[in-house]
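Required output: the full structure, derived from the provided sequences and hints.
Just so we're on the same page, my numbering is the position in the sequence shown counted from 1, plus 7.
If you're looking for bench data, these hints aren't it; they were derived computationally from the structure.
Be a bit skeptical, because a hint or two may be false.
Simulated restraints on C-beta separations [unchecked claim]: (1) 203 - 317: 35 to 43 angstroms; (2) 292 - 314: 21 to 29 angstroms; (3) 316 - 38: 47 to 55 angstroms; (4) 96 - 317: 31 to 39 angstroms; (5) 39 - 239: 29 to 37 angstroms; (6) 316 - 182: 16 to 24 angstroms; (7) 301 - 72: 41 to 49 angstroms; (8) 239 - 186: 28 to 36 angstroms; (9) 10 - 182: 48 to 56 angstroms; (10) 222 - 297: 23 to 31 angstroms; (11) 200 - 312: 28 to 36 angstroms; (12) 274 - 196: 38 to 46 angstroms; (13) 136 - 221: 21 to 29 angstroms.
Glycine is no exception: its CB is placed at the ideal position from the N, C-alpha and C atoms.
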Amino acid sequence: MSDITITPIPDKVFGASVTGVELASITDETFAVMHTAYLEHGFLLFPNQFLSDAENIAFGERFGELEFGANPMSNQHRHRDGTYGKVFDIDTQRMRTNVGNEAWHTDSTYKPLSSKCAMLSAVTVPAKGGETALADQRAAYDALDDETRDRIANLSAYHSTEFSQANDLGDFPPREKDSIYHGEAYLRPMVKIHPETARPALFVGRHAFGIPGLERSESRALLKQLIDFVVSDESRVYTHQWTAGDTLLWDNRYVLHRAMPYDYSEPRVLIGTRIAGDPDTELAYYPEDPAAQAGREALDVELSVLREEAGDRRYGATTAEQAT
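Set out below in C-alpha cells:
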C-alpha cells in the first residue's frame, strides 16, 4: 500500500495514473483504494501491467458481473492458441464497426443494460495513431448554462448501433437478433445521476438519436451541440497514447471515449473487459417489454431517412463530419 501513487493527469479535470500496484495480485485493501480513486477521477491508467486474459477477467469481476471478459478489440483474428492472424480488410463489417468506434460513445447504451465500466489492456500498438481518447461528461454538465440544463433536464434519447453506423459511416449492417445490430433502440435520460456519487452528468454519444417530443432536426442539432460542448474544452479531454502493457479503466456512466485513426494495415490489439451495469440504474427495458416497440419504430423511421441520405454520406467519416 505504501508504494502506491495516484497522480492526477496534468491539466485535466479528470483521470489519474496509478503506479506501485500489480493488478494481477491486487488485495482487497488495495482494490478499495483503487475503487475510490476510480469514482473520483473517472478513469485510471495502470502502466506496465501486461495482464493475461485470466487476470483481466479477475480484475474486472471485482467491479461486478461482466458483460464480457478478455475480448480482443483488434483488427486481427485471434486463433484458439492465442496467436493472431492477418489484419482484416478495411471493408469487412468487423472493420466498419471498428471505424465507427472512432466517434464519441459510451459502451452498451444500445443494449437493455448499459455498461458500468470498461477496461482495455494493450498488447500490440501501431507505430502512430490508434490512441484512445476520453471525455468528461460530468465536468461538461457542471459547465452548462442554466438554460441548457433546464432544457435537457427531462429529455431522453434512443440509442442504437444501427443508427450510429448509418449516421456516421453510411453503413447499414445486416440486422441479426444476436448481434449488436439487433433492431432495438433503448431510451435513456440525457442527464444521468451517478448511482454511486449522486453527481449529474451528460449522457450522450454517437448511438443517441430521436429525442421524443422534438422534431428530427432539433433533436439532431441538440445532440450534436452537447457532444461538441463536452469535447470543446481541452481540460475535459484526454488522449492516451498506448504502450504495450498499459491497462486503462474508465467509468462508462459519465466518461465518453473513442478510438483514434491509424494505419489499418498495422496490427492493433487491445484486450477488452466490460462490466455490466446495475439493473436498478442502467436498465432501459428488455425487447419483450411493451416500451420496446416505440424504440423499434423510432429506429426504423430514422434508418429510412438515413437510407435516403446515404448518397451524401461516406464510409470512414466521423459523427462530427457527418452530422447536420
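Status of the hints after comparison with the structure:
no.	hint	result
1	203 - 317: 35 to 43 angstroms	41 angstroms, holds
2	292 - 314: 21 to 29 angstroms	26 angstroms, holds
3	316 - 38: 47 to 55 angstroms	48 angstroms, holds
4	96 - 317: 31 to 39 angstroms	21 angstroms, violated
5	39 - 239: 29 to 37 angstroms	35 angstroms, holds
6	316 - 182: 16 to 24 angstroms	19 angstroms, holds
7	301 - 72: 41 to 49 angstroms	28 angstroms, violated
8	239 - 186: 28 to 36 angstroms	34 angstroms, holds
9	10 - 182: 48 to 56 angstroms	52 angstroms, holds
10	222 - 297: 23 to 31 angstroms	25 angstroms, holds
11	200 - 312: 28 to 36 angstroms	32 angstroms, holds
12	274 - 196: 38 to 46 angstroms	39 angstroms, holds
13	136 - 221: 21 to 29 angstroms	36 angstroms, violated
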